[in-house]
Amino acid sequence: MRYGETGYDLEIDLSTGNIEKVERDPKLTELYLGGLGLNAYTMWSRVPADADPFDPDNLLIFAAGLLDGTMAHGANRTIVTSYSPQTKLLGFSMMGGFWAPELKYAGYDRIILKGKAPELVYLWINNDKVEIRDAKHLKGKGTYETSYLIRQEMKDSKVQVMAIGLAGENRVFFASLEHGRNSASRLGLGAVMGSKNLKAIAVRGTKDVPQAKPERMKELYFELLKYIQYRLQNPLPGIPGILAYIGSPQEMKLFDERWHTTSFAWGHARYRRKDFWTEEIEKKWAETQRRRIERYVSCYNCPVECGAIIRHDGLTTHRYLMKCFSKLTYLMAAESDSLEFNFDIAGKAQEYGLDGFTTPQVMAFAVELYENGILTDKDLPGFPKNNEERFYYLLEKIVRREGIGDILADGVYWAARRIGKGAEKFDHNTTKKHEQMVIKLGMLNPIYFLMYATGEKGNITQIEGQIPQAPLPKEVREEFVKDWPHVPKGKEERFKRFILEWGDEGKVFPFYPPPDLCCELVEWQEIMHYIDDCTGVCAGLSSFPIKPPYHIHNYPEIISAATGLEIDEDELWTTATRVRTLVRAINVRRGMRRKDEKPPEDHWKKRFPEYEEKLLDTYYKYRGWNKEGIPTIKTLKNLNLDYVAEDFIKRGILKPEEEEE
Amino acid sequence: MAEKKKKIVKQIIINADECNGCRACEAICSGYHSTDKFSIINPGRSRIFVHWDPYRNLFVPVLGGPQAPAECLARNKYIIDGKEYDECLFCGAVDCPSRELFQDPDSKLPLKCDSCESEPPLEEPMCVQVCINDALTYEEREEEVEEEREWDELDMGLEHLIKTFGPDKVLETFERLVKKEQTP
Numbered sequence: 007m008r009y010g011e012t013g014y015d016l017e018i019d020l021s022t023g024n025i026e027k028v029e030r031d032p033k034l035t036e037l038y039l040g041g042l043g044l045n046a047y048t049m050w051s052r053v054p055a056d057a058d059p060f061d062p063d064n065l066l067i068f069a070a071g072l073l074d075g076t077m078a079h080g081a082n083r084t085i086v087t088s089y090s091p092q093t094k095l096l097g098f099s100m101m102g103g104f105w106a107p108e109l110k111y112a113g114y115d116r117i118i119l120k121g122k123a124p125e126l127v128y129l130w131i132n133n134d135k136v137e138i139r140d141a142k143h144l145k146g147k148g149t150y151e152t153s154y155l156i157r158q159e160m161k162d163s164k165v166q167v168m169a170i171g172l173a174g175e176n177r178v179f180f181a182s183l184e185h186g187r188n189s190a191s192r193l194g195l196g197a198v199m200g201s202k203n204l205k206a207i208a209v210r211g212t213k214d215v216p217q218a219k220p221e222r223m224k225e226l227y228f229e230l231l232k233y234i235q236y237r238l239q240n241p242l243p244g245i246p247g248i249l250a251y252i253g254s255p256q257e258m259k260l261f262d263e264r265w266h267t268t269s270f271a272w273g274h275a276r277y278r279r280k281d282f283w284t285e286e287i288e289k290k291w292a293e294t295q296r297r298r299i300e301r302y303v304s305c306y307n308c309p310v311e312c313g314a315i316i317r318h319d320g321l322t323t324h325r326y327l328m329k330c331f332s333k334l335t336y337l338m339a340a341e342s343d344s345l346e347f348n349f350d351i352a353g354k355a356q357e358y359g360l361d362g363f364t365t366p367q368v369m370a371f372a373v374e375l376y377e378n379g380i381l382t383d384k385d386l387p388g389f390p391k392n393n394e395e396r397f398y399y400l401l402e403k404i405v406r407r408e409g410i411g412d413i414l415a416d417g418v419y420w421a422a423r424r425i426g427k428g429a430e431k432f433d434h435n436t437t438k439k440h441e442q443m444v445i446k447l448g449m450l451n452p453i454y455f456l457m458y459a460t461g462e463k464g465n466i467t468q469i470e471g472q473i474p475q476a477p478l479p480k481e482v483r484e485e486f487v488k489d490w491p492h493v494p495k496g497k498e499e500r501f502k503r504f505i506l507e508w509g510d511e512g513k514v515f516p517f518y519p520p521p522d523l524c525c526e527l528v529e530w531q532e533i534m535h536y537i538d539d540c541t542g543v544c545a546g547l548s549s550f551p552i553k554p555p556y557h558i559h560n561y562p563e564i565i566s567a568a569t570g571l572e573i574d575e576d577e578l579w580t581t582a583t584r585v586r587t588l589v590r591a592i593n594v595r596r597g598m599r600r601k602d603e604k605p606p607e608d609h610w611k612k613r614f615p616e617y618e619e620k621l622l623d624t625y626y627k628y629r630g631w632n633k634e635g636i637p638t639i640k641t642l643k644n645l646n647l648d649y650v651a652e653d654f655i656k657r658g659i660l661k662p663e664e665e666e667e
Numbered sequence: 024m025a026e027k028k029k030k031i032v033k034q035i036i037i038n039a040d041e042c043n044g045c046r047a048c049e050a051i052c053s054g055y056h057s058t059d060k061f062s063i064i065n066p067g068r069s070r071i072f073v074h075w076d077p078y079r080n081l082f083v084p085v086l087g088g089p090q091a092p093a094e095c096l097a098r099n100k101y102i103i104d105g106k107e108y109d110e111c112l113f114c115g116a117v118d119c120p121s122r123e124l125f126q127d128p129d130s131k132l133p134l135k136c137d138s139c140e141s142e143p144p145l146e147e148p149m150c151v152q153v154c155i156n157d158a159l160t161y162e163e164r165e166e167e168v169e170e171e172r173e174w175d176e177l178d179m180g181l182e183h184l185i186k187t188f189g190p191d192k193v194l195e196t197f198e199r200l201v202k203k204e205q206t207p
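Those protein sequences? They're chains A and B, same order as listed. Using this note's numbering, you'd call the opening residue of the first sequence number 7 and step up by one each time. Using this note's numbering, you'd call the opening residue of the second sequence number 24 and step up by one each time.
In case anyone wonders, no lab produced these hints; they're calculated from the structure. Just so it is clear, CB atoms sit at the ideal spot from N, CA and C, and this is done for glycine as well. Fair warning: there could be bad hints in the mix.
[As the list claims (entries may be wrong)] In the DSBU-like style, the derived pairs of lysine-lysine whose C-alpha atoms are separated by at most 30 Å in a straight line are:
id : chain 1 : residue 1 : chain 2 : residue 2
1  : B       : K60       : A       : K224
2  : A       : K161      : B       : K106
3  : A       : K145      : A       : K27
4  : A       : K213      : B       : K192
5  : A       : K213      : B       : K106
6  : B       : K186      : A       : K161
7  : B       : K131      : A       : K219
8  : A       : K643      : A       : K656
9  : B       : K60       : A       : K213
10 : A       : K224      : A       : K213
11 : B       : K100      : A       : K161
12 : B       : K60       : A       : K219
13 : B       : K106      : A       : K259
14 : B       : K33       : A       : K232
[To be verified] Negatives, chain B to chain A, calculated, CB over 12 Å:
id : residue
15 : K29
16 : G88
17 : A91
18 : K100
19 : S138
20 : E142
21 : T160
22 : E162
23 : R164
24 : E166
25 : H183
26 : L184
27 : T187
28 : V193
Make the full structure from the sequences, and use the hints.
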């Protein structure tokens with residue numbers, strides 16, 4: 007009997023139409039938990055290291071997290087994994103919602119897809135019945151429309167659908183998979199799905215997910231619920247409103263956007279508008295937001311309501327769903343003051359299945375090239391004068407890969423190189439070929455330097471968390487550390503002292519916190535995210551906010567109550583480190599090295615090249631990696647990743663241990 | 024005609040405007056009503072059903088209510104937010120022959136909300152406890168009601184079995200099982 011997980015994967019070969027239900031070795035759960043951990047293991051063991059992302063041999067894996075479908079709050083994430091067409095590295099993009107729990111209730115932890123269907127198809131999974139169905143009638147349809155049509159076809163409002171839009175069908179490198187407001191949007195996995203001729207996956211399940219310690223699970227559930235309720239009513243003092251709560255930043259509920267609009271960069275991540283936020287704008291935006299939002303919505307088994315249903319008369323469904331920073335990404339990139347514009351274009355782009363983070367940056371990049379004479383009217387015939395109209399123009403070109411859109415659809419990095427003529431110089435906000443957060447700051451932040459440089463996810467919001475992003479005001483520091491049980495064992499004294507003195511004279515960036523403390527803080531932030539990515543718990547209840555409901559001390563008991571897996575804090579930490587290291591190993595095998603580990607060049611005005619090298623050296627050493635950022639044989643063996651060590655030696659990536667010293 | 028009597032009525036009140044569609048009520052309900060409490064989670068066995076349709080902004084929790092002895096000919100019309108809905112999804116009838124709602128996915132037995140009846144009684148039914156956004160609240164009030172026979176789970180289950188297999192078969196099985204039980 008297995009608890010929490012079903013123990014089964016659904017293996018589907020779209021080329022041959024073969025479908026199998028395969029039981030997994032329970033030992034894998036101990037080693038990799040679930041979700042990203044299992045996906046990374048499968049990608050390592052089954053996909054050739056040099057496979058092209060669009061190669062039919064490349065796998066596309068959809069996993070429910072280990073705790074998905076149990077009573078654990080917010081355990082609803084779907085972890086999609088493949089090679090990214092944009093970075094060419096491991097792409098793992100995640101989304102909340104209802105899809106993964108439904109998959110569990112249908113009796114599967116994962117769907118492992120390979121091959122390529124001869125024509126456009128969708129999958130229909132209803133408990134033991136699994137069908138590959140013709141999707142010709144859905145070709146070119148939007149993501150919402152597709153979900154709506156499939157649900158109509160099934161006449162069952164509990165069918166959960168995830169779909170790609172035109173962007174995924176046309177293999178746009180930043181195409182997303184959409185499921186309501188939940189998007190697995192980063193790293194272009196929608197394009198991989200499109201390359202397999204798969205339009206959508208619809209799931210319905212009515213089977214049990216057993217829990218190992220039912221009574222304890224119930225107690226933990228109510229303990230956490232009480233804390234969630236408390237945190238929703240008690241924002242943390244001294245911290246910007248948007249980061250003071252739990253959940254995804256509450257941009258659907260909050261009207262005050264001073265923090266984002268004045269400290270994040272506008273245009274193609276170029277400049278700050280420190281005076282932007284006025285009373286007039288606040289009033290106008292609040293009116294727009296109230297009018298456009300129809301309802302606040304939650305993901306499965308979570309009360310936090312990070313999302314909202316947005317009215318949109320330009321869509322066949324008349325509405326779409328949104329959360330977080332996508333409320334502002336398009337308007338800031340287009341240098342528009344209109345929140346209305348953002349609601350409009352974001353809805354259209356989501357219907358096409360595009361990443362709301364990368365897309366506006368690609369568009370702003372194109373506008374910049376046009377204004378600098380690198381792209382001309384020949385490349386952009388009939389290009390409008392007004393930025394808002396230009397964005398709509400570019401949207402249509404990109405999703406169809408039409409004209410210049412075919413080049414822009416590869417993202418800023420590749421487009422800059424295909425265009426040439428000095429366009430490369432305008433590629434200033436990518437790391438590892440992927441568009442980054444639109445922030446341009448003054449002084450180097452050593453903690454964020456390490457996270458941007460060494461992060462495997464390509465997205466800072468999926469790496470950061472736990473600690474304030476700036477020194478706390480003096481008057482709240484004592485109170486903050488007094489009630490901070492989240493800190494890992496053995497780190498209490500150091501981390502609390504950090505909060506107490508950070509911002510004092512001489513305790514400022516870039517040389518504070520010192521490199522070793524930076525490493526410890528980065529590790530904590532990362533590890534919490536990797537645990538979430540394996541368990542399927544939403545980062546908004548765990549790794550992203552400050553003082554979240556889930557932490558390293560209560561996690562082991564929740565995992566054990568749900569799954570029966572006896573694991574303590576140290577073992578959980580080691581397991582997350584194993585997964586983190588395996589993900590790195592996959593990328594190392596794909597060619598990633600130290601030279602790739604660079605934040606965007608102009609992320610900070612004041613840079614310290616020598617000191618940054620020292621930071622990187624310290625972090626690599628702390629992690630047990632060599633100077634190139636490759637985990638050493640010893641590190642790999644300590645983490646039960648002997649098979650990775652052997653492979654690295656065989657490929658000449660590492661020398662055998664005795665020679666290494 | 025049944026006699027009128029004063030009685031404390033306890034009722035789960037549904038405010039669909041406050042529902043964010045998280046379906047925590049379904050999860051906890053299935054857990055609470057599993058044989059070994061909370062040993063399984065399966066919204067398919069829940070006695071509350073959230074009609075969940077973000078594409079039409081429609082989130083309506085429905086409780087498993089009275090049993091539907093026969094298919095209902097008059098489908099209900101609902102007007103919500105100015106729009107008309109012609110369907111029976113918002114109907115709480117359990118064991119309805121025209122749909123699979125509120126039927127156990129395996130045994131097909133009806134699933135009726137019992138407000139989490141237990142000894143000692145819960146302060147509030149589970150679904151109300153987990154709905155911190157107050158789409159579900161619990162009310163107690165005194166009311167004059169006609170006394171009528173309460174359908175309990177056993178009644179409904181037996182009725183369903185009789186309908187499916189016929190009274191003779193059910194009786195025969197019952198006798199056989201009782202005999203088996205008594206044989207040492």
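*asked:* So, against the hints stated earlier in the document, which numbers end up violated here?
replied: Number 5 - this is the single hint that the structure violates.
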